[in-house]
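Build the full structure now, drawing on both the sequences and the hints.
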Amino acid sequence: MAGVGYKLFIAPSKPIPIEPPKTVEVSMIIHANTWKFVPNVIEVNEGDRVIAHIMNEDDYDHGFGIDAFGVNKRLWPKQVTTVEFTASPTGEYTFYCSVPCGEGHYEQTGKIIVNPRK
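In our numbering, the protein residues as written are 808 to 925.
Simulated from the structure, these hints should not be mistaken for lab results. Among the hints, erroneous ones may be present.
To be verified - Using 25 Å as the maximum straight-line C-alpha spacing, the simulated PhoX-like pairs for lysine-lysine come out as follows:
#	residue 1	residue 2
1	880	918
2	843	880
3	843	925
4	918	885
5	918	829
6	843	885
7	829	880
8	843	918
Note that the structure is a prediction, hence the values are computed from the model and not measured.
Quick look at the structure:
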């Protein structure tokens with residue numbers, strides 16, 4: 808019985824490897840007159856560095872904001888804008904158009920899911 812106790816309570820366990828943070832690149836598009844981000848869901852792991860390249864195909868400005876990560880970037884018409892942030896802590900967060908842009912402005916949202924590091 809003493810051997811079982813040693814194995815369960817005293818013997819050091821093998822460390823569980825944890826995947827290191829990585830850089831995740833995402834390409835997004837705002838199609839003209841649709842008031843949508845495509846894709847509108849991004850899934851990453853905690854600690855990942857996210858680099859989003861966002862193409863605004865519209866004829867007017869939009870924005871990209873994620874309050875929890877301090878992100879607020881203007882997206883100029885007919886241009887690609889790059890937004891970078893570190894995804895932490897875990898949870899689900901809303902991203903949205905941060906520049907008033909027309910009748911569908913308030914529907915122009917999406918979600919970033921930050922999973923625990925494995």
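Hints and how they fare:
Of the supplied pair hints, the one linking residue 880 and residue 918 holds, its CA atoms being roughly 16 Å apart against a limit of 25 Å. At most 25 Å may separate the alpha-carbon atoms for a hinted pair to count; residue 843 and residue 880 meet this at roughly 16 Å. Distance restraint check for residue 843 and residue 925: the Cα-Cα separation of roughly 31 Å exceeds the 25 Å cut-off, and the hinted pair is therefore not satisfied. For a cut-off of 25 Å, the pair hint linking residue 918 to residue 885 stands: about 24 Å separates their Cα positions.
Taking the CA atoms of residue 918 and residue 829, the gap is about 20 Å. The hint holds against a cut of 25 Å. Using a Cα cut-off of 25 Å, the hinted pair residue 843 and residue 885 holds, with the two alpha carbons roughly 15 Å apart. Restraint check for residue 829 and residue 880: the C-alpha separation of about 23 Å stays at or below 25 Å, so the hint holds. Between the alpha carbons of residue 843 and residue 918 the distance comes to roughly 12 Å, so the proposed pair stays at or under 25 Å and holds.
When held up to the earlier numbered hints, the structure conflicts with hint 3 and nothing else.
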